[in-house]
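Enquirer: Top to bottom, those sequences are chains Y, B, Z and H.
Under full-length UniProt numbering, the first residue of the first sequence is numbered 1, with each subsequent residue one higher.
Under full-length UniProt numbering, the first residue of the second sequence is numbered 1, with each subsequent residue one higher.
Under full-length UniProt numbering, the first residue of the third sequence is numbered 1, with each subsequent residue one higher.
Under full-length UniProt numbering, the first residue of the fourth sequence is numbered 1, with each subsequent residue one higher.
Read the hints as simulated data drawn from the structure, not as lab findings.
Just to be clear, a hint being listed does not mean it is correct.
[Claimed, not checked] Simulated crosslink set (PhoX-like; lysine-lysine; CA at most 25 Å straight-line):
#, chain 1, residue 1, chain 2, residue 2
1, H, K135, H, K200
2, Y, K85, Y, K135
3, Y, K188, Y, K200
4, H, K200, H, K188
5, Y, K85, H, K85
6, Y, K200, Z, K200
7, B, K200, Y, K135
8, Z, K135, H, K200
9, Z, K85, Z, K135
10, Y, K279, Y, K135
11, B, K135, Y, K200
12, Z, K200, Z, K85
13, Z, K200, Z, K188
14, B, K85, Z, K85
15, H, K279, H, K85
16, B, K188, B, K200
17, B, K85, B, K135
18, Z, K200, H, K135
19, B, K85, B, K188
20, B, K200, H, K200
[Stated by the list, open to error] Only some residues are given here: those of chain B computed to face chain H with a beta carbon under 10 Å:
#, residue
21, L145
22, I172
23, A216
24, H253
25, R257
Computed from a prediction, not measured in an experiment: that's the story for all the values here.
By construction, the Cβ of each residue, glycine as well, lies at the ideal position given by its N, Cα and C atoms.
There are 4 protein chains.
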Amino acid sequence: MISHTPVPTQWVGPILFRGPVVEGPISAPLATYETPLWPSTARGAGVSRHSGGIQVSLVDERMSRSIALRAHDGAAATAAWQSIKARQEEVAAVVATTSRFARLVELNRQIVGNLLYIRIECVTGDASGHNMVTKAAEAVQGWILSEYPMLAYSTISGNLCTDKKASAVNGILGRGKYAVAEVEIPRKILTRVLRTSAEKMVRLNYEKNYVGGTLAGSLRSANAHFANMLLGFYLATGQDAANIIEASQGFVHCEARGEDLYFSCTLPNLIMGSVGAGKGIPSIEENLSRMGCRQPGEPGDNARRLAAICAGVVLCGELSLLAAQTNPGELVRTHMEMER
Amino acid sequence: MISHTPVPTQWVGPILFRGPVVEGPISAPLATYETPLWPSTARGAGVSRHSGGIQVSLVDERMSRSIALRAHDGAAATAAWQSIKARQEEVAAVVATTSRFARLVELNRQIVGNLLYIRIECVTGDASGHNMVTKAAEAVQGWILSEYPMLAYSTISGNLCTDKKASAVNGILGRGKYAVAEVEIPRKILTRVLRTSAEKMVRLNYEKNYVGGTLAGSLRSANAHFANMLLGFYLATGQDAANIIEASQGFVHCEARGEDLYFSCTLPNLIMGSVGAGKGIPSIEENLSRMGCRQPGEPGDNARRLAAICAGVVLCGELSLLAAQTNPGELVRTHMEMER
Amino acid sequence: MISHTPVPTQWVGPILFRGPVVEGPISAPLATYETPLWPSTARGAGVSRHSGGIQVSLVDERMSRSIALRAHDGAAATAAWQSIKARQEEVAAVVATTSRFARLVELNRQIVGNLLYIRIECVTGDASGHNMVTKAAEAVQGWILSEYPMLAYSTISGNLCTDKKASAVNGILGRGKYAVAEVEIPRKILTRVLRTSAEKMVRLNYEKNYVGGTLAGSLRSANAHFANMLLGFYLATGQDAANIIEASQGFVHCEARGEDLYFSCTLPNLIMGSVGAGKGIPSIEENLSRMGCRQPGEPGDNARRLAAICAGVVLCGELSLLAAQTNPGELVRTHMEMER
Amino acid sequence: MISHTPVPTQWVGPILFRGPVVEGPISAPLATYETPLWPSTARGAGVSRHSGGIQVSLVDERMSRSIALRAHDGAAATAAWQSIKARQEEVAAVVATTSRFARLVELNRQIVGNLLYIRIECVTGDASGHNMVTKAAEAVQGWILSEYPMLAYSTISGNLCTDKKASAVNGILGRGKYAVAEVEIPRKILTRVLRTSAEKMVRLNYEKNYVGGTLAGSLRSANAHFANMLLGFYLATGQDAANIIEASQGFVHCEARGEDLYFSCTLPNLIMGSVGAGKGIPSIEENLSRMGCRQPGEPGDNARRLAAICAGVVLCGELSLLAAQTNPGELVRTHMEMER
C-alpha cells in the first residue's frame, strides 16, 4: 500500500566552505519540481569557489515543545510557574529520564489569565528532536500535574512551541540551529558570474527584502526565496519539510566593501537532524553519507554539519536569484531558458 | 545527472465530500516521511464518511506578483500610480498578451517615499500561476517603464507578492484559492471515533490555536498542523511545496451545536495547480487522474477540484490531531504505535 | 466632577512646507511630558527651512468598521457575501442615510468557517470618522440582517476594523490618511545642523529601522519614534490619541543622492480629524485655527491639511533623533542637556 | 513659551481590588477626549464592587534597550557575543555604575550576518526606566567597544528594544510590568449590570478578539480597546503615553463557570512608573497620591501598585465595552447617550 513519489533530484556544487563548522568543497542534493533551482543554485556555488568559500557559524541550537495548563486563576498560575521555574533542575531530571540525548536548556512561560503555557527547550543530539521533546514534554507535564494539583491539563502542545506555523517566537527564543552563512565576493566575480555590482545588490536587498517585506506585513523574514532551497535540501536529506515554515523566516544582510560585496544569509530556525524519520531510506542515507554526515563523533556533530551545509546551499540560491533580479528582464529570460 | 528522491506515499480515504466543488467519496495521496500522518488523517476521513461528508466552498482565487519602481519623489510616485490605476484596462490588455489564461483581476499598491510597489493579481486557469504572473508582471513593468519615463526599475518582484514568506498580505488581498472546508460531526462519532466531545474540542481550539497561537506571535494563523497535510498533498500532486508557507496560514473554527460539533478549516491562501512544473511525472499524473483532476472542462475546474480535495484532506488531519490532544497521553501513545 | 490634566505644550517651528497639500512656513504644537521632544523636533524644523521645505502627498483616505455575522455554514456565508458585494450600491445608499459626510468607498470581507466579517470603508469628510462609520456599520448590519435572514448578529465591531490595535490590515487596506512626507537635505545642512552624513543616515535607517525592526518581530513598522511626535500632535489638536497605535506603523525611507540625503516618512494610517470629540476645547480650537485648519472649503480639506502638517512634524522629529543616533554618545548627552 | 493642553479628566470608581498587589476600593483618573469612556469604565467598576473585587498579579518587570554593533563577520560577532554573555556579571557591574536603581536582569541577542544586537534588560525601581536603561546601555556599549576592539558602533538603540512600536519581542522577552487582572462575575450581575450572559461573553471574546483579531493580522493582541483606558490612565498619571503601543498588546481571556463568568485582562507590557518625566506636575502628583502611589517603601512598590491599578482600570473598561457589543444596537445607542 506504500508507494513512492519520485521527486527529481540533482546535486549542486561543489560549494566551497571555509569553516568553522564545515570546510572544503561539498556538493549538496536538491529534490524539487522546480528544476531551474539547480542551475541557479549552481551559479551561487560557483561564486563560493571563486570567493574563498562560505563561512558558516552556528550561534545556538534547541528544540521546543510547549505544554498548556489551567489554574483556577492567574495568581495560582503565577505561583505555580515561579515554583516550577525554581525547580528547573528537577524538571531537567525528568527530561533526562525520557531520552539519552534530550537535555533541558531552558523553560519559558506565558500566562494569560488562569492559563499557563510552559515552553520546554532541549538540545536533542543529532535528531531534529520533535518526538524527543514531545516525549520530554509529556513527562514534564505528568510530573507537574502530580506535583501541582492546582493545575489541570489543557494540552500537550499549546502552540507556543510553535511547530510549522508562521510566528515570531521561534526566532526570538530559538528553535532549531541558528546559522549564519556569509561570503565576501570580489568585484570581478560580481561582474562576471553574477552580472551585477555590490551597489545594486545592496540596494535590491534593502528595497525588496526589507522595504517590500515590511509592506507585505512579513514577520521576522527578509529574503527572496530561502524556502525553495530549504525544501529541496530538506526532502533530499529526509527532513520533515513542513518545518521550512519556520526555517524560511531568515534574513539577508549584505554590504558593499569597496566594490566587493559582503553577503550573508542568517537562518535562526534551521530545524535539522541527521537521524530520525525519513533517514532510513537508502537514497537518503547515501545523500547524508556523501556529505560526510554519517561520521562517528559527538552526538549533534552530524546534524550541525548538515545544518551548516544547508545554510550554504541557501546562500548560493539566494545570491543567484537576487543577482538576477538586479537586471530588468533577466529573471524571466533565464528562468525560461532553464526550464527548457 | 537527475535522480529521484522517493518520498513514501500512501492513499488516505475515501474522504466523503458533499459539494459544491467536489462530491462523493474520494481518496487522496500523501507523500511524507512522517508516516503517522497516514493513519491519523485516515481517522479524519472515517469521520467524514460517518458525518454526511465534508463541504468545501471556494471564496476566491488569484495569483500575484509585485513589481517595484522608483520615482524621484513620493508626489511623482503617487501621480504615476493614480494614472496607472486609471488605465487598469490597458494594463489588463498587456497582461492578456502574455498568456491565454492569465486575466488581470486587481492592481494594488503601496508607496514608501519615492518607491512604488504594484501588486498585480490575476486568475491563471488551471495553473498555480507563478510563472504566468511573473511573465505578466514583466510585460506590465516594461509597459509602465515606457509609458512613465519618470519611473525606474527597482525589481521584478518586490516581496509584496509575497511568495513563500510568512506575511499578512496574502490572506488580506488574496493569493491562491480561498477554501473553506467544514463538517458537522454527531456526538456519537465524536465519542466513538475521536474519543472526544464537542466541548473539549471547542476549548482546545480556543486555548491552543487561538490563545497559544497569539502568545507565539503568530500571524494570521490558528491551527495545529495544516502544514503536514499540505506538504504531503503538495508533493503527491506535483505542487511547488514551498508554497505551504502561505498555504498553512489558515484557521480552525469550531463550535458546539448541542452535543454535536461543527468543525471547519479555512485556507485563504491555498496555492494549487493541476498543470505546470511537477505535473509531467507519470506517478503525479496518475494521482491527479485518480482524483478526477484530468477532466475536460473549463480552465480552472481541475485546479479548483484539486484545491477542494486538498482542503478536505487538511480538515481530516487537523481534526484527528486536535481530538488526540484533548486527552492527556494520547498523542505520544498513538504516535509511537503508528510509528511501529 | 470633570477636571483637566494639563499636558505641557510647546509650538515647534516654523516647519517649511512646499506643497501640494500644505505650503509655506507653519508652526505646530506638541503636547507631551517628554519635553526633549521639542528642541529635537525643532532641529528638524530648522532643517526643513534650509532644505527647500517638506513635501507632503496624500495617497488615500478612509475610515473603517467591521461587522461580524454568523451563518449556518461557510457555503451560506460565501453566498451571502457574494450577494451583498453585488449589491454594493444599495449598501452605499444605506450608509448615506446615516450621515451627510459618510460615503462608502469599499467593502472587504473575510470568511472563517461559517463566520462572515465585512469591513465597511468610508470617507468621512473632516472627521476622523470613528463614530460616523460605527453608525454606518450599524445601519448596514441592520439592513443585512433583514435582507439575509440566514445571517445572525455576531458583533458590531469584529476587530477586522481594526481600531487601536497592532495589526497588518490597516496598512494594507487603508485606515486614515495615507501620507508621504519627504525632503532633500543638502550635505552642508547634514553636516552643520544634524552633525551627520547621507551615508551614515542610510546605514542607520537600514541597520536600525529595518534589520533591527525585523528582528524585533515588528509588523509593518520601520521607524525610530513616530509615536512620540504623533502623541504630541494628537493631544494638541484634540485627536483620539489611542489611534497612535496604528498611526505609528509607518516607514522611514532615505537614500543618498550624491552627498545629499533624500529622507522620507510614510504614514499609511494617519487617523486625523479637524472636527469631532476633543475639538470643542478652546485651546484646541485655537491650535487648529493657528495652523489654518478652520478654513471654509470642501469637507475634508481641513482634515487633510492637518494630516499633512502632522506628517511634516513626524518627519522633523524622526530626522533629528536618527541623526543623533548616528553618533556615539550624542543621544544621551543631548537628551540630558535638553531635560535641564 | 510653554502652555498646557487641558485634557478632560474624570475619576472613575471606586474599583474594588482584592490583592495581592493592591487591595480595597480605589478610584482612578482617566484623561481623555473620549468622554463616553468614563461612564463605560464606571460600569465595569460597579461590577468589580459586586463581584468580590479584581485580583491583580504581577508576573515580571523589566525595561529594555538594545544596542547594535558591527563585526567583520558573523563568526566574530558570535564569538564576541559568547564572550560578553559569559561576562554578564561584569556587564551588570557596568550597569550598576550608571544608576542607584538600575540592575541588570538579562542579556539577549540577535545576530544577522556581521551585525550583533544586544538587548539589555534591567529592573528600574519606581521609574518606567527608559532613560535609566538608555544610560546603562550607553555605558555597556562603551565598555564593549573598549573591551572588544573588533566591534564597532552601529547604534545606541537598534529597535530590538523595542520602544513604542508594534512588535512581538516585548511580550516574549518582557518589557514593563507583566500584569494579570481577573474577576469572577456572578450571573446576577452579568444580567443586571451588564445586560449579558457568560455564554455570550465567551463567544464574543472568541469571535471578535481572537478570530477577528487573527484575520486582521494582529500581533500578540486580542482585545477590544485596552488602548483607550491605557491612554486615559497614562495621561492622568504622567506616563509617556506613546508606550500604549506596546502596553495595548494584551489579551482578554474569559470562560463560563456555570452561569458565572471568569473574565481576565492580561497586559504583558505595561510600562509604568511612579517617578520620572511628567511626574512633577502638581495635578499628576495629586493623582498619584490619591491612589496611594506616593508611599514610602521599597523602590518599585509605588510603580507596581500603580501598574496594578491600571490593569484593573483596563479590565473595567474592556468588560463594559464587550458586554455592550454582545447586544445588537447597544453600542451606538449608549455611546450617543453618553456623549450628550
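Enquirer: Evaluate each hint against the coordinates.
Expert: Going down the list of hints, with the structure as the test:
no., hint, result
1, H:K135 - H:K200, "49 Å, violated"
2, Y:K85 - Y:K135, "20 Å, holds"
3, Y:K188 - Y:K200, "14 Å, holds"
4, H:K200 - H:K188, "14 Å, holds"
5, Y:K85 - H:K85, "21 Å, holds"
6, Y:K200 - Z:K200, "18 Å, holds"
7, B:K200 - Y:K135, "23 Å, holds"
8, Z:K135 - H:K200, "23 Å, holds"
9, Z:K85 - Z:K135, "20 Å, holds"
10, Y:K279 - Y:K135, "20 Å, holds"
11, B:K135 - Y:K200, "23 Å, holds"
12, Z:K200 - Z:K85, "50 Å, violated"
13, Z:K200 - Z:K188, "14 Å, holds"
14, B:K85 - Z:K85, "21 Å, holds"
15, H:K279 - H:K85, "36 Å, violated"
16, B:K188 - B:K200, "14 Å, holds"
17, B:K85 - B:K135, "20 Å, holds"
18, Z:K200 - H:K135, "23 Å, holds"
19, B:K85 - B:K188, "55 Å, violated"
20, B:K200 - H:K200, "18 Å, holds"
21, L145, "32 Å, violated"
22, I172, "7 Å, holds"
23, A216, "8 Å, holds"
24, H253, "6 Å, holds"
25, R257, "13 Å, violated"
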